[in-house]
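Engineer: One point on numbering: in the numbering used here, the residue at position 159 of the sequence shown is 168, and numbering is uninterrupted.
A few of these clues could be false.
Ranges between beta-carbon positions, derived for each pair [stated by the list, open to error]:
1) Gly149 x Ala264: 35 to 43 Å
2) Val57 x Ala102: 42 to 50 Å
3) His15 x Glu74: 42 to 50 Å
4) Asp144 x His15: 26 to 34 Å
5) Asp128 x Arg227: 22 to 30 Å
6) Asp128 x Arg54: 28 to 36 Å
7) Glu171 x Ser287: 18 to 26 Å
Hints in this document: simulated from the structure, not taken from any laboratory.
All C-beta atoms in this analysis are idealised placements derived from N, C-alpha and C, irrespective of residue type, glycine included.
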Amino acid sequence: MQQADHHELRAFLAVARERSFTRAAAQMGLSQSALSRSIANLEARLGVRLLNRTTRSVAPTAAGERLATGLVPHFEGIEAQLAALGDVRERPAGLVRITADESAAQCLLWPALARFLPDYPDVEVEVVVDNALTDIVAAGLDAGVRSGDIIDRDMIAVPIGEDQRMAAVASPAYLAGRSLPRHPRDLTEHSCINIRLATLGGLYAWEFDRDGREMRVRVGGQLTFNTSDLVVKAALDGFGIAFLPECQLMEPIAAGRLIRLLEDWCEPYPGYHLYYPSSRQVSPALRVVIDGLRLVRRSVSARDTVGD
């Protein structure tokens, strides 16, 4: 007995299930004559009649019923395995390398990743915390997170965060016995904690804005850092006034460990964007990150709307 052809077996199962050559042929995309030849070839190979045919009906013989009953679970298993392979192919997987400054990494990127990454165990994320304006293409990175006003035009930028504000803060211990600054220029009379910018290597000039009036102040003090974590610690320990994105300071401000200063001079500026090269195809893993960060932005916007 010759081995039965896979397509012939599928043709037989279609006719046995539909009890009609017409319906089975339409289902398989074959002509009735081609389907009939497949069944005839199968019966000839097996040496057994599988279908009883009349002008009005088609029905499996006893041998046909036995064959169909035995074949169905195997074909269903094949279909299930093929579907599983499709899931593996389509399921997001792989490494995504993202650069972000300290504020974006702490306040936005990590909280978002912690929320949606557990649903994608095959997606790996490497976060490179870097306050410099890194060239993500030259550095072999997939994407970056930066404020929306400092992203190159040849990048695709996706808004992922609400507008941000800066905050000038100091500890109650530092402020005790001192006059509070009422204007940015008053900061020159205070000890301020500087931060050195990785981009230019210089000290950051504190930027203030009120009613469209912009002011940059060069401050001085005993301490300079190149990481905001140490700036916060120094401020908490009473070494002077710090100036950082407010999202990094919300907890100590709420707890009264830091006092906010010059708040009316700290107007919002464009929020964070995730950006990536327009010439690069977005991988399924990167798409997970993009969609996850977008979802966080929508959730925040919806919460703010309800609160209004």
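Engineer: All hints, please: hold or fail.
Structural biologist: Going down the list of hints, with the structure as the test:
Checked against the given bound of 35 to 43 Å, the beta carbons of Gly149 and Ala264, roughly 41 Å apart, stay inside it. Range check, Val57 to Ala102: Cβ separation about 47 Å, and the 42 to 50 Å hint holds. One distance hint, 42 to 50 Å for the beta-carbon pair His15 and Glu74, is violated here, with the actual separation near 20 Å. Restraint check, Asp144 to His15: a C-beta distance of roughly 53 Å breaks the suggested window 26 to 34 Å.
Distance hint for Asp128 and Arg227: a CB-CB separation of about 47 Å, inconsistent with the stated range 22 to 30 Å. The hint said 28 to 36 Å for the Cβ distance between Asp128 and Arg54, and at roughly 49 Å that hint is violated. Here the CB-CB span from Glu171 to Ser287 is close to 25 Å, well matched to the stated 18 to 26 Å.
The structure fails to meet hints 3, 4, 5 and 6 from the earlier list, while all remaining hints are met.
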